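Peer 1: Given only the sequences and the hints, what does the whole structure look like? Please build it.
Numbered as in this note's numbering, the sequence shown ends at 428 without a single skipped number.
Because the hints were derived from the structure by calculation, they are not lab data.
Just so you know, not all the hints are guaranteed correct.
Claimed, not checked - Once the Cα atoms are required to be at most 30 Å apart in a straight line, the calculated DSBU-like pairs of lysine-lysine come out as:
no., residue 1, residue 2
1, Lys417, Lys305
2, Lys335, Lys364
3, Lys345, Lys305
4, Lys417, Lys374
5, Lys335, Lys305
6, Lys374, Lys335
A quick note: this is a predicted structure, and the numbers were derived from the prediction, not measured.
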Amino acid sequence: MEGGSLWHEYETDLRAADVWEVYGSLALGQLAPQLLPHVLSKVELVEGDGGVGTVLLVTFPPAGASEPRSHKEKFNVVDHEKYIKEAETVEGGFLDLGFRKYLVRFKVVGKEDGASVIRSTVEYEVDAEHAKNVSFVSTEAMASIAEAITKYIKEQKKSHEQAAE
264 MEGGSLWHEY ETDLRAADVW EVYGSLALGQ LAPQLLPHVL SKVELVEGDG GVGTVLLVTF
324 PPAGASEPRS HKEKFNVVDH EKYIKEAETV EGGFLDLGFR KYLVRFKVVG KEDGASVIRS
384 TVEYEVDAEH AKNVSFVSTE AMASIAEAIT KYIKEQKKSH EQAAE
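Peer 2: Written out as structure tokens, the structure is:
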């Protein structure tokens with residue numbers, strides 16, 4: 264068995280609490296397909312309320328024939344104090360490609376200057392005979408989501424400020 268992890272950090276001038284309002288809720292799954300349809304086609308709530316135990320069906324746009332088209336993921340951690348969310352694939356997706364574990368973790372870290380960092384991590388384990396499929400593991404989608412969500416939050420804040428004037 265082979266395992267590993269990849270991570271990406273996206274720095275933003277937004278406060279960690281503002282970023283977590285989206286990342287710590289079901290809004291992330293609703294917004295990502297709207298903002299990035301080339302990354303995520305659809306995210307559907309299967310069960311839960313956004314807390315631990317919530318299950319989502321995530322559908323990706325058509326890609327290579329051997330890449331996963333959809334998977335179900337379950338929230339194992341939703342920590343509103345430490346700003347951490349973990350979602351593990353429980354059906355389909357990378358599991359169909361010989362992976363035993365595929366987990367995504369988002370952590371929003373506040374900085375002393377009031378800014379924050381969105382740290383996205385993928386942890387995986389794959390059977391030795393499917394080790395070549397590790398090449399499909401990437402943080403590219405999470406990096407795109409972090410950038411798009413940050414831009415969205417800034418636009419929302421700006422429109423609220425303009426409406427208040």
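Peer 1: Could you run down the list of hints and mark each one as holding or not?
Peer 2: Going through the hints against the structure:
Of the pairs offered as hints, the one joining Lys417 and Lys305 holds, with about 23 Å between alpha carbons and a cut-off of 30 Å not exceeded. With a C-alpha separation of about 13 Å, the suggested pair Lys335 and Lys364 falls inside the 30 Å cut-off, and the hint holds. For a cut-off of 30 Å, the pair hint linking Lys345 to Lys305 stands: about 28 Å separates their Cα positions. Restraint check: the Cα-Cα separation between Lys417 and Lys374 comes to about 18 Å, which is no more than 30 Å; the hinted pair holds.
With a C-alpha separation of about 12 Å, the suggested pairing of Lys335 with Lys305 holds against the 30 Å cut-off. Of the pairs offered as hints, the one joining Lys374 and Lys335 is violated, with about 33 Å between alpha carbons and a cut-off of 30 Å exceeded.
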